[in-house]
Amino acid sequence: MRALAYLVSANVLAHRVEARSDAHEFTEQFAAIDAPCRAAGFALEPLVWDEGFDPNAYDAVITGPTWDYWDKASQFIHVLSEAAAACPLLNPLNVIRWNMDKTYLRDMARLGAPVIETVWAETATPEVIQAAFDTLSSDDLVVKPVVGAGAWRQARVKRGAPLPSAKDLPPDRAMIQAFLPAIQEEGEYSLLFFGGEFSHAVVKRAATGDYRIQGMYGGVDTPYQPSPTDIALARQCLEAACTQCSVETLLYARVDMVRGPQGDLKLMEIELIEPYYYPRGATRCGALFAKGLERLLG
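Going by numbering that gives the first Met the number 0, the sequence shown opens with residue 0, and the numbers climb by one from there.
Hints in this document: simulated from the structure, not taken from any laboratory.
No residue lacks a Cβ here, since even glycine has one placed at the ideal position from N, Cα and C.
Check before you lean on any hint, since a few could be wrong.
Stated by the list, open to error - Quick list of simulated restraints, FRET-style, between CB atoms: (1) T102 - N55: 30 to 38 Å; (2) R158 - G259: 31 to 39 Å; (3) P170 - D133: 48 to 56 Å; (4) T102 - G159: 28 to 36 Å; (5) D100 - G259: 20 to 28 Å; (6) T102 - R37: 36 to 44 Å; (7) A42 - G280: 21 to 29 Å; (8) E196 - R37: 14 to 22 Å.
Claimed, not checked - For lysine-lysine, the following DSSO-like pairs were computed, each having C-alpha atoms within a straight-line distance of at most 30 Å: (9) K166 - K290; (10) K265 - K166; (11) K101 - K157; (12) K290 - K157; (13) K71 - K101; (14) K166 - K101; (15) K166 - K71.
All chains should be modelled from the sequences, with the hints used to inform the complete structure.
Here it is in structure tokens:
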């Protein structure tokens, strides 16, 4: 049995004082992959990434739901760098570095992915936001941090309305996009791949009156069967990421897409660091995860 460190943040452990309201998602995710991995000869051990561990004691380190890394990104990269020097890191360090900074979407666009038009800024000042309304030809914007996840320090801004307070906006570099009504009307689609193989998909819908689809904001997810065309588009995005990072196969990837104004799917994100796998009802998730480990670790 090979020992694998499965890195998490303290706030996804249900017994911890700092547990998030959606900590149950880690419990469900780990349950989905643990038994299939053991059957394949891999023992996963959940470890809090910033509480000290010896990567030399493991045959590989996997980045799981580390859902606080954006608060301490430099420390996160340092810990992963030490892990990568000791044993295989999945996904690889260069992939995580690239995916951590959302300017990776520029690379994805260059490689042909249907990326949403974006304004990039060093700071989301009132002047920058006002100019973005005109640049993006939209009266409804979403302002996001370049390094962040889970709708952290993200705000929706409408033309003519008061701007959010500074504490609700990105702390430094920002990306600004037109708000796409489909996120509320239809939802966001997430397609999951393990070891390069398509596993399953969900559609995520926000609570009434909100636009954030994460569970901690009341969002709900439902399994759905994507069309062959949609799977091919998601695979195209995954292959573009692999090309950019010079890797053949990634252990895990989640491609998030939303319907654009013209009815075509647009790439919202490709999550290669700590995506939630949406395992409920995903019968192939654990087996494909274990198969991916066998392919990557031999």
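Cross-check of the supplied hints:
1. T102 - N55: 30 to 38 Å: 33 Å, holds
2. R158 - G259: 31 to 39 Å: 20 Å, violated
3. P170 - D133: 48 to 56 Å: 25 Å, violated
4. T102 - G159: 28 to 36 Å: Distance hint for T102, G159 holds at roughly 29 Å.
5. D100 - G259: 20 to 28 Å: The hinted range 20 to 28 Å holds for D100 and G259, with Cβ atoms some 24 Å apart.
6. T102 - R37: 36 to 44 Å: 39 Å, holds
7. A42 - G280: 21 to 29 Å: 26 Å, holds
8. E196 - R37: 14 to 22 Å: 20 Å, holds
9. K166 - K290: The given pair, whose Cα atoms are some 43 Å apart, is violated under the 30 Å limit.
10. K265 - K166: 29 Å, holds
11. K101 - K157: 23 Å, holds
12. K290 - K157: At roughly 46 Å apart (the allowed maximum being 30 Å), K157 and K290 break the hint.
13. K71 - K101: 16 Å, holds
14. K166 - K101: 20 Å, holds
15. K166 - K71: 17 Å, holds
Checked against the numbered hints listed earlier, the structure breaks hints 2, 3, 9, 12; every other hint is satisfied.
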